[in-house]
Structure formats: structure tokens, C-alpha cells
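From first to last, the protein sequence lines stand for chains A and B. At position 91 of the first sequence (counting the first as 1) the number is 1105 in my numbering, and the numbers step up by one without a gap. At position 215 of the second sequence (counting the first as 1) the number is 1229 in my numbering, and the numbers step up by one without a gap.
Worth flagging that the hints you see were computed from the coordinates, not collected in a lab. Remember, predicted model here, so these are calculated numbers, not experimental data. Honestly, I wouldn't trust all of these hints.
Each pair may be met inside one copy or between any two copies, as identical chains are not told apart.
DSBU-like mimics (lysine-lysine), calculated; alpha carbons at most 35 Å apart, straight line [what the hints assert, rightly or not]:
(1) Lys1178 / Lys1091
(2) Lys1178 / Lys1019
(3) Lys1079 / Lys1126
(4) Lys1178 / Lys1077
Number of protein chains: 2
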Amino acid sequence: MARYKLVTFDVYAALFDLEGSLVPEVRAVLPPEVDPVAFFRLWRSKQLEFALISNSLGRGHLKFKYLTERALEYALKRHNLELPADTRAALVAAWNRLRPWPEAGEVLAGVKARGCLTALLSNGDEAMLRELAAALPVPVDHIFAADQAGFYKPHPAIYELPLKTLGLDRSEVLHVAGSASDVMGARSFGLPCAWSNRGRDYVLEPDLGPDFEFPDLTGVLSLL
Amino acid sequence: MARYKLVTFDVYAALFDLEGSLVPEVRAVLPPEVDPVAFFRLWRSKQLEFALISNSLGRGHLKFKYLTERALEYALKRHNLELPADTRAALVAAWNRLRPWPEAGEVLAGVKARGCLTALLSNGDEAMLRELAAALPVPVDHIFAADQAGFYKPHPAIYELPLKTLGLDRSEVLHVAGSASDVMGARSFGLPCAWSNRGRDYVLEPDLGPDFEFPDLTGVLSLL
């Protein structure tokens, strides 16, 4: 009997290679003197900051695609650059065609083989996540998206989605986090949490550290 | 008759020179091979990120001093450094001895001379802000702190403090913001907002831009 009934995966860090997928897209459209890694990191950090700000403002949910568009425009302004509207749209659409980490398919298949359901649990919009899921080597059983919850991670509403949808207890769900704030959110909500910590990062709140920590996704299979 | 009855000032960017005050403190205690500006910016960005995360977690208010301590420990870990507890405590205490921007005294005096009340409105704890206020060249009339509101900017609860305390309408309060997220928070709540935008930054949400924007604090006097 499986210890967990469901394993939820963070998308933009844990399951997919964000920089490996998007830095080449950025490089292809920016002037050669702009560092595409630094540009992408600014874009990404402002997208995440805007998600947290929108949680705090309490004015209703803004779609992740919208935050992604605004954060791209911010990064362009900071670099004193302009791009045509269709080029900006293509960069935002590239978030729907990310490359999974090399071990992602094996890990998803292994989780299924051990009798657990699989799910994405992400700040992305449901429509963005459906496109990504269609391209995964192994299909997932469920998609839990921020626009279903009305809040972004690490707000508890998003970690509650699988419990409400599937009628599970917290102890029956293992969340595989991809970032320190995701770890803190899952642990604050009370989910068992494994951190695929590729960047050797640290949580800000020691009391909300992960239950398990691995350098990539493969360690997850040892928990099931 | 004054157009505004109260002018509230953001503290850690608008009224005080954070980097000019704290980078020398960091430089004095870190090994010479560590860039003190980069170290301080990581410390500051993680402090702010933690404030936003704590708003989203909804587990009750964490003091700003606590976030400052945890963010410092994070920055040390990322640099693979250790500092004695008393040195870390001295760095955190330095947040209570910041240098105001050169024009701060003149602007506070000018606001008073035009018949307006003045206040600090900040993510800092009340105790931290009281120490800073005692060292200002011109005393302020009120202190509005995040630990009074139970939330950090840009949550509406903190911008509501002066209205509840003084019985004012939104239109009677001018907020002087020091950062893009502070602008968005004040405007989302409905306060008239002037941005002392020393870093030539941009707001992420064009609909929540400032009513007035200046390269430093002196422009505020032209509004009164």
C-alpha cells in the first residue's frame, strides 16, 4: 500500500528546466550586448514578485500570463529596449513549451508504477499547464493551477486544491517543491514536502524546511 | 488651506539612504573578497521577499526585525560565511541608525510649514521606527508600522492605519513612496501617491502608477 496517494509536482522549477528552455528564446530576440541569462532572471524575479504582490493587494486574481507579460515589459524597460508586440507574445507563449528535466519522465513513471496518482501544482494558469502537460513523456492525472485557487503560492489556497478535489488528507499528499518559497508554503499548509533543490538554495524560515531534500527529482522515488 | 492634512513617508527607501548607511556596516565585518553591495542587496531582497511570503502564508505577523535576522542568515549561507551572533546582532541593529537622505530634513520642515501633519509609514516594527524617528532632524507627528497593521506593504491594512487613527479620508493623505511596490500598494488602496524614484524604477502594473513622480524628495513640496 502506497504511503502517499498523490504526488504533486511544482512545475516551473521542479519538473521543467526554465532557464534551459527560455534563455535561448530570449537570446534569439535581444541585441547581442544584452546578457540573456541576467535578462531572463530579472524577468522571472519580477514575475514572481508580482505574484506575491497581487496576493497581498487582495484585488482579485491576476492571470499568470498577465504577470508574465507585465514582467517582460518591465525587464525591457530596465534595459531600455523595445520589442514588437508579436515578439513579446512569442516569448510569453514559450512558457507553454518548456523542456522537462531529463529525469522527469522516469520519475513520473516511477510514481505511477508505485500506485500513486500524479499532479502538477503550480502558479501557472490552467491553460498554460494543460499545454505543458500534453508534452510530458508520461501524462499526469491532475492539474492544480493558481487560477483555480485565486491565489499564488505560497498562499494556502493553492495547496488545498488537491485535498478539496480528491478528498484526501494532508498526510496522503507528497508535494515535490522546486523552490524555497514553495517548500515554505507546502510545509506551512501541512503537506509532507520533498525539495528538488538543484540550486542548493536555503529556506528563509528554518521551521518551514523540507521533510526531504534531493539534488534533483530522482530522490522522490526513494520515498514511495 | 492645505490640500492634504497628512503626508506619510516611506522609510527604508524614500526618507533614509539604506545602501549608503548599511553597505559600510556590511563591508566592515565581511571578508574583503565579498562584494558588500551585492551582499547587502541579497540581504535586502530576501528581507522583502520574506515580508511578502509572510503576508501570503497567513500565519500571523512576523516582526520585521525577525525577517531581517533570517534574511541576513540566508545571505551568509549563500556566501558560505559565518559571523558571530553579536556581529549579526550589530548588523541588524544598524537598521535603527540609518542616515536620512540629504534633503529629508528640509522636506519634513517644509511639509510642517505648509500646515500638514507628517508621519512615517513603513514595513519596520514600531520600535525600530521610533529609534529612527528620534534621530531625524525634524520630528514627525505619527508613526505607522507594519506590526500595528499585522501585514506588510503592499497589503491594504498598513495604508489604512493613518485613516483609522486620525479619522481622515483617503483624499486627505499624500503618501510619499520609495519603491515601485509601495506605489502600487498606496494606489491600489486609493491614496494619492508621490514617488521619490531615485533608482529610475518602473511599476509592474501600469494602472497602479504614481500620481506624481520625482527624482528625490524635494518635489513633494511643490504639491502642497
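What label fits lysine 1178 with lysine 1019 when the C-alpha limit is 35 Å: within, between, both, or neither? The answer is within: 14 Å in one copy meets 35 Å, while 49 Å across copies does not.
Lysine 1178 and lysine 1091: within-copy, between-copy, both or neither at 35 Å Cα: neither (41 Å within a copy, 38 Å between copies)
Regarding lysine 1079 and lysine 1126, is the shortest C-alpha distance of 35 Å or less found within a copy, between copies, in both, or in neither? within (30 Å within a copy, 45 Å between copies)
Are the CA atoms of lysine 1178 and lysine 1077 at most 35 Å apart within a copy, between copies, both, or neither? both (22 Å within a copy, 32 Å between copies)
When held up to the earlier numbered hints, the structure conflicts with hint 1 and nothing else.
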